[in-house]
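Participant: Residue strings, one per chain:
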Amino acid sequence: MSVRTFYDPKTRALLAELSGDIDHCTAAGLREPVDKEIMQRLPQKLILDLSGVSFMDSSGIGLIIGRYKLMTDLGGSIVLTDPRPEISKLLTLAGIGRLCRVVDTHKSGSFTGGVKI
Amino acid sequence: MKEKLLNEMTLRFPSLSENERFARLAVSGFISSLDPALDELSEIKTAVSEAVTNCIVHAYRDRVGEITMQVRIYEGQLIYIRIKDKGCGIEDIPLARTPLYTTAPDEERAGLGFAIMESFTDRLRVSSRAGGGTAVTMLRTLRTRKAANGDKSKEG
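Keeping their order, the protein sequence lines are chains A and B. The first sequence runs 3 to 119 under the working numbering. The second sequence runs 2 to 157 under the working numbering.
Same shape as in the complex, but just chain A (with noise of 0.2 Å):
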């Protein structure tokens, strides 16, 4: 479990690259870097890239349901990328569409290693 985190001051959005597994044990240690970074940068979009998520259960929605409201408080908005099929069908399970976009970026061809969607 580990995260990386990238901004661009240009396009103001943060990249999160989360990765390993995510679960109620290892939330709070991909929580607190995250929530660092937005509050030192105040970003106009938080990009959660998940491609690197290898298993996660609902402490993983839990962590995106609080940033998207943290980000929401700021006026902001939140994206999340490329999750693997069984990870789609959890995200989907729990009506995460509703609250934010889900990008296939290999699809879409949207996104180029960069923050740009």
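Each hint should be verified, as a subset may be incorrect.
To be verified - Facing chain B, according to a computed beta carbon distance under 7 Å, are these residues of chain A, among others: (1) 25; (2) 27; (3) 60; (4) 63; (5) 95.
Just so you know, these hints were derived from the structure itself, not from any lab. Note that CB positions come from ideal geometry on N, CA and C, so glycine has one too.
Knowing the structure of chain A, use the given hints to seat chain B on it.
Facilitator: Just chain B now, kept in the frame of chain A:
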């Protein structure tokens, strides 16, 4: 259960958060002989993770207690998983099973644990008594993969 019991195991471990991962990997390893499809395995692991997390977060909220996990494999690719604690118990089971209901909203709990267990298994039974612990039983029948195996043998 009228199906023939083929294999079983029981694990006991303390309600430490790092055991969420251990529990789902243990189940995954135990049922690997059935050659489950990736999506089935992922769903079973998620359901187990939810049940064990409930024990850790809710049943033993302020202490560490014992979790017992029993897994059985029956004839016909049927998997039985029972996860039991001796924690605080659930006063109102229908309310606890309501999607989005949680007793721990401040901790970013989504309130989806039971809804996920229900969706990712064929049958979910919850028995609990306030102060007397909770047992969650899940049944899931795997798809038969004869066709896929047949293809594999042709390749060989």
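Participant: Now tell me, hint by hint, if it's right for this structure.
Facilitator: Okay, the hints, checked on the actual structure:
The closest approach between the C-beta of residue 25 of chain A and any C-beta of chain B is roughly 5 Å, which is under the 7 Å cut-off, so the hint is satisfied. For residue 27 of chain A, the suggested interface contact is upheld, since its CB lies about 4 Å from the closest CB of chain B, less than 7 Å. Restraint check, residue 60 of chain A versus chain B: the minimum CB separation of about 4 Å is within 7 Å; hint holds. Checking residue 63 of chain A against chain B by beta carbon gives a least distance of about 4 Å; that is within 7 Å, so the hint holds.
Hint on residue 95 of chain A holds. Least Cβ distance to chain B is approximately 6 Å, under the 7 Å limit.
Consistency note: the structure conflicts with none of the earlier hints.
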